[in-house]
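Asks: These protein sequence lines are chains A and B, in that order.
The first sequence: position 23 = 23 (the numbering used here), numbered continuously.
The second sequence: position 97 = 1097 (the numbering used here), numbered continuously.
Simulated from the structure, these hints should not be mistaken for laboratory data.
It cannot be assumed that every hint is accurate.
Computed list of lysine-lysine pairs in DSS-like fashion (alpha-carbon distance at most 30 Å, straight line) [to be verified]:
#1 LYS1057(B) - LYS1078(B)
#2 LYS78(A) - LYS55(A)
#3 LYS1042(B) - LYS1083(B)
#4 LYS1042(B) - LYS55(A)
#5 LYS1083(B) - LYS73(A)
#6 LYS73(A) - LYS55(A)
#7 LYS1042(B) - LYS73(A)
#8 LYS55(A) - LYS70(A)
#9 LYS78(A) - LYS1042(B)
#10 LYS1057(B) - LYS70(A)
#11 LYS1083(B) - LYS1057(B)
#12 LYS1083(B) - LYS70(A)
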Amino acid sequence: AQTVTQSQPEMSVQEAETVTLSCTYDTSESDYYLFWYKQPPSRQMILVIRQEAYKQQNATENRFSVNFQKAAKSFSLKISDSQLGDAAMYFCAYTGTASKLTFGTGTRLQVTL
Amino acid sequence: EPEVTQTPSHQVTQMGQEVILRCVPISNHLYFYWYRQILGQKVEFLVSFYNNEISEKSEIFDDQFSVERPDGSNFTLKIRSTKLEDSAMYFCASSERVIGGLRNTIYFGEGSWLTVV
């Protein structure tokens, strides 16, 4: 079974600074997808960024980028120029042939002035 | 942008009562899901649904749960005889499996917060 591990329960970053959230996963599949979802206080699940395992190039979406290390099974999220609106719970998630998502336990990101 | 919509946003029910949570997935999507998040915990998979039948379900999805697609647009989760521990946020989600492109991206609704008292 696939597992997703987020080892940082909480992180803090100053506004305009950069922060990296860690995620590791375990799988025996070769074709899969990895995601970062943001959950603000409203509790809505918002897709932040997506990475296909067959792509070597790291995904980027504006201020959000990932560092995907397939051999190490690592998938970290970098948030540049942090904004107050980035404060939320961030979940790393995996999907493979089963199509369902397996989530990590989340990292609560606090953004300070 | 197309989105998954869920109703109700919040429901309070008495223990033992039946609850139906409703969802309208994105119109061209083929896979539908229910996930659950107990307060303060991670999001857990309940069930996936494809071609009018359950394709996968978790251990959580026992006999008290059922899903249905009664018409071409709605996707419902029914909880029979609710228990206190069923209190959680329930997320509906959908995805479109195509070759390449946005294959396997799962889009979530805003959730239905169920409180069992």
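Asks: Take the hints in turn and mark each one as holding or not.
Replies: Going down the list of hints, with the structure as the test:
With a C-alpha separation of about 14 Å, the suggested pairing of LYS1057(B) with LYS1078(B) holds against the 30 Å cut-off. Proximity of LYS78(A) to LYS55(A) is assessed by CA-CA distance (about 18 Å); at most 30 Å being required, the pair is judged to hold. Distance restraint check for LYS1042(B) and LYS1083(B): the Cα-Cα separation of roughly 20 Å lies within the 30 Å cut-off, and the hinted pair is therefore satisfied. This hinted pair checks out: LYS1042(B) and LYS55(A) have alpha carbons roughly 28 Å apart, not beyond 30 Å.
Using a Cα cut-off of 30 Å, the hinted pair LYS1083(B) and LYS73(A) is violated, with the two alpha carbons roughly 38 Å apart. Among the hinted pairs, LYS73(A) with LYS55(A) is consistent with the structure: their alpha-carbon atoms are about 14 Å apart, no more than 30 Å. Taking the CA atoms of LYS1042(B) and LYS73(A), the gap is near 20 Å; set against the 30 Å cutoff, the hint holds. A C-alpha spacing of about 10 Å is found between LYS55(A) and LYS70(A), which places the hinted pair at or below 30 Å, so the restraint holds.
For the suggested pair LYS78(A) and LYS1042(B), the alpha carbons sit about 21 Å apart, so the restraint of at most 30 Å is met. With a CA separation close to 28 Å, the supplied pair LYS1057(B) and LYS70(A) stays within the 30 Å bound. With a CA separation close to 20 Å, the supplied pair LYS1083(B) and LYS1057(B) stays within the 30 Å bound. This hinted pair does not check out: LYS1083(B) and LYS70(A) have alpha carbons roughly 42 Å apart, beyond 30 Å.
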